[in-house]
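Peer 1: Below, each chain spelled out in residue letters.
Protein chains: 2
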Amino acid sequence: MGQTARAKKQILALNAFPADGGAALADDVAALVARRRKSFGATSVLFYEAPLHIVGAKGADIFTADGRTYLDLYNNVPSVGHCHPKVVEAVARQMGRYNTHTRYLFDEVHDYAERLLAHFPAPLTNVAFTCTGSESNDLALRLIRGATGGMGIVVTDTAYHGNTTAVTEVSPSSYKTGAPPAHVRTVPPPHPRHYGADVGKGFAAAITAAAKAMADEGIPFAGLLVDTIFSSDGVYADPPGFLSAAFDAVRALGGLVIADEVQPGFARTGTHMWGFARHGVVPDVVTMGKPMGNGFPMGGVVTRPELLTRFANEFGYFNTFGGNPVASAAGLAVLDAIAEDGLMENARAVGAHIVGRLDAARGRCAALGEVRGAGLYLGVEIVAREDGAPDPAAASALINRLRDKGILIGAAGPLGHVLKVRPPLCLTLEQADRFADAMEDILSA
Amino acid sequence: MGQTARAKKQILALNAFPADGGAALADDVAALVARRRKSFGATSVLFYEAPLHIVGAKGADIFTADGRTYLDLYNNVPSVGHCHPKVVEAVARQMGRYNTHTRYLFDEVHDYAERLLAHFPAPLTNVAFTCTGSESNDLALRLIRGATGGMGIVVTDTAYHGNTTAVTEVSPSSYKTGAPPAHVRTVPPPHPRHYGADVGKGFAAAITAAAKAMADEGIPFAGLLVDTIFSSDGVYADPPGFLSAAFDAVRALGGLVIADEVQPGFARTGTHMWGFARHGVVPDVVTMGKPMGNGFPMGGVVTRPELLTRFANEFGYFNTFGGNPVASAAGLAVLDAIAEDGLMENARAVGAHIVGRLDAARGRCAALGEVRGAGLYLGVEIVAREDGAPDPAAASALINRLRDKGILIGAAGPLGHVLKVRPPLCLTLEQADRFADAMEDILSA
Chain A
1 MGQTARAKKQ ILALNAFPAD GGAALADDVA ALVARRRKSF GATSVLFYEA PLHIVGAKGA
61 DIFTADGRTY LDLYNNVPSV GHCHPKVVEA VARQMGRYNT HTRYLFDEVH DYAERLLAHF
121 PAPLTNVAFT CTGSESNDLA LRLIRGATGG MGIVVTDTAY HGNTTAVTEV SPSSYKTGAP
181 PAHVRTVPPP HPRHYGADVG KGFAAAITAA AKAMADEGIP FAGLLVDTIF SSDGVYADPP
241 GFLSAAFDAV RALGGLVIAD EVQPGFARTG THMWGFARHG VVPDVVTMGK PMGNGFPMGG
301 VVTRPELLTR FANEFGYFNT FGGNPVASAA GLAVLDAIAE DGLMENARAV GAHIVGRLDA
361 ARGRCAALGE VRGAGLYLGV EIVAREDGAP DPAAASALIN RLRDKGILIG AAGPLGHVLK
421 VRPPLCLTLE QADRFADAME DILSA
Chain B
1001 MGQTARAKKQ ILALNAFPAD GGAALADDVA ALVARRRKSF GATSVLFYEA PLHIVGAKGA
1061 DIFTADGRTY LDLYNNVPSV GHCHPKVVEA VARQMGRYNT HTRYLFDEVH DYAERLLAHF
1121 PAPLTNVAFT CTGSESNDLA LRLIRGATGG MGIVVTDTAY HGNTTAVTEV SPSSYKTGAP
1181 PAHVRTVPPP HPRHYGADVG KGFAAAITAA AKAMADEGIP FAGLLVDTIF SSDGVYADPP
1241 GFLSAAFDAV RALGGLVIAD EVQPGFARTG THMWGFARHG VVPDVVTMGK PMGNGFPMGG
1301 VVTRPELLTR FANEFGYFNT FGGNPVASAA GLAVLDAIAE DGLMENARAV GAHIVGRLDA
1361 ARGRCAALGE VRGAGLYLGV EIVAREDGAP DPAAASALIN RLRDKGILIG AAGPLGHVLK
1421 VRPPLCLTLE QADRFADAME DILSA
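So the sequences go chain by chain: A and B. Note that my numbering gives residue 348 to position 348 of the first sequence, counting from 1, and the numbers run on in steps of one. Every number in my numbering is 1000 more than the matching position in the second sequence, counting from 1.
Incorrect hints may have been included.
As the list claims (entries may be wrong) - Think about it this way: if two alpha-carbon atoms lie no more than 30 Å apart in a straight line, the pair counts; the simulated DSSO-like pairs of lysine-lysine are: (1) A:Lys38 x B:Lys1201; (2) B:Lys1086 x A:Lys58; (3) B:Lys1058 x B:Lys1405; (4) A:Lys212 x A:Lys201; (5) B:Lys1176 x A:Lys86; (6) A:Lys86 x B:Lys1038; (7) B:Lys1086 x B:Lys1058; (8) A:Lys176 x A:Lys212; (9) A:Lys86 x B:Lys1058; (10) A:Lys405 x A:Lys58; (11) B:Lys1212 x B:Lys1176; (12) B:Lys1201 x B:Lys1212.
No wet-lab data here; the hints were simulated from the structure.
Starting from the given sequences, assemble the full structure and let the hints guide the process.
Peer 2: Pasting the structure below:
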């Protein structure tokens, strides 16, 4: 628990602009920071000691007011590329035609629903559109709690699933003080250092134990909520299939599984549209958000019809903006871009290239720890040269050095020592090499 | 309670397309309905016996696939007018420039935050951007519960504040079975029929009693969450100032007040930017949604800095899409349109014209009950000719007759007998007359 408490502080502080303004700031940046503090108050969190003042973006590039161009390895929201022309055109066109809620009929909405659902295995045949990943996970929790009659949810130690009241409870990484309530239990992420060689078996056993512990305290089990790439825990993708035992364990206890695809979804992992599909499992509920509209605010919940029916018998549910015609146009353009630009294969190839480059550099870069992940969702551990221990301070310094070299990246994991590589999926081999070169330059110095 | 239970069923069923398909449908409509049922399942709720297949919209007009034009008195999301050119242009332009989350600096975001905050009285000087009214109310609940240490919330009998787990609890109108939990208590809406002549005093006393009843059961009071036009309760606007006693009562008990401006906000009530301002009160937290971006998914929470600080000390909060540059561009365009198109004054004048026309028609239309509201948020009671009792069946029939005459409108209130007039704010006097003429035609027959 001591480590978890420290972990939260690390994550929350990571890469944030300190309130006392450590760095010397350009005039335009200083002015914006001052305005921001006045309007946004305490919830104003900025990246970097000297925050970026953005004036443009394209593909995997971000342009700032000081004339610099940054290679973006952080932003997975503009997943098919910043300002992808297909998405820009689709949103602009539909904004000018009509944009009303979905209690009327529109062609685009149903075209999109069908195109999206075609990417899901049976029996996941219904979709409910929302506006954010948070709303998606909030609805998903209602679905599985209603169906099981249980409140108890198991998540990973450093999980983040969103920002509503209910979803914050299942997001231990959001707690600066205190901890989630008794109906939420955490388990370590799936890695041999926690579970030994058979990660799947160990992870499943931990989930079973957590669920039983809740049940023993009179809290019936609802199920498992899991980001299928474990992004905020530090990125855990291998071996494909390890999630299968966990799904079986949940179901053996009468629970249901929500796969949170906000991070891995929409082809990012390079071989499958969804993170869960890499593991050969079928969740009961799948939630989507960030990359779904390439920045247009939209999310969704895909599930079995009976779960939705059960819920709809108890509650009225309508999402005013959810699946509106402009969101649908954006969503269709994203699906088109993934297919037409070959982004899944690009994610696989470029991600593998980065892993290869970093693995090859390890001999010259003692601070380079484990490199893991899938496609263009990678975790790169930064460790102490002496003993290989996690080194969050070095990771933070590295992030700022990379920024000086024109590369934007973030970190994850309970201690914040895992670089999180999740660029727009259009990242080129040349751009990937630029990142690998910069890593080598800095870490071999 | 019997009435409340019936009320919920009425509201939820109101105007919905029945699952067994009562009406004969055009081929395109039938095909879309079939596709919709397959994709959306149980959460697919459509308006009208024969749903509308929309292919365009402009100003207060909606165009359908069968070549008809409908006058839209229902949709308050496209508040400055369907497809307002300023909003369309702003979104299209910004989509093509950049659209990233707000942990970087952007000019537009801070221009918008300041322009928006300029419409609020001290000490409401901080804003947190969200994507929906639901997210706004969810965050607002967290703010006041954290600050007071209480869970207890008072809302009105037929309140609707959104769709997250926490916000559904404070939305009695969303319950098809059961009722909100013990930490949510309801009071009748502010009308003489519930409280006698001094509505403000009676409403305040009811809130005090509800809060004390919770406290007696060991549930400390957090505060009042109130839609300042009481839209889903049936629209209650007068006399201006009646909310003052309620705010005082809440504060006397150590509670805080959330003003939900999703419905009345952004100039709709004709004389003020916000519903609370009509009452001369200052809430602790103000929440916004629907009309904020004219259909672009965005919401916001405006509050006192200390409430946000207290919250941010306990929880990390970030909203990925909230206040992004495109949302900010849309929000700025909406504020411009309200000012440049004179929409507040238009709402006042056209709303008053409708009230005048309906009041004048009452002698010839026995089913016309009380007409109330402010600006372009009006409630029109439909009553039985014989005894003036609420007549939801007549309201439902009227809504469908109006639709036949090319006018779209909805209903509200616990029984669903209150027509809800909330068109885009650009509604013209000529369009208002068309509505009044149609009402007279139908109701005097």
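Peer 1: Would you mind marking each hint as holding or not holding in the structure?
Peer 2: Going down the list of hints, with the structure as the test:
no., hint, result
1, A:Lys38 x B:Lys1201, "37 Å, violated"
2, B:Lys1086 x A:Lys58, "24 Å, holds"
3, B:Lys1058 x B:Lys1405, "19 Å, holds"
4, A:Lys212 x A:Lys201, "16 Å, holds"
5, B:Lys1176 x A:Lys86, "42 Å, violated"
6, A:Lys86 x B:Lys1038, "28 Å, holds"
7, B:Lys1086 x B:Lys1058, "13 Å, holds"
8, A:Lys176 x A:Lys212, "27 Å, holds"
9, A:Lys86 x B:Lys1058, "24 Å, holds"
10, A:Lys405 x A:Lys58, "19 Å, holds"
11, B:Lys1212 x B:Lys1176, "27 Å, holds"
12, B:Lys1201 x B:Lys1212, "16 Å, holds"
The structure shown violates the earlier hints numbered 1, 5.
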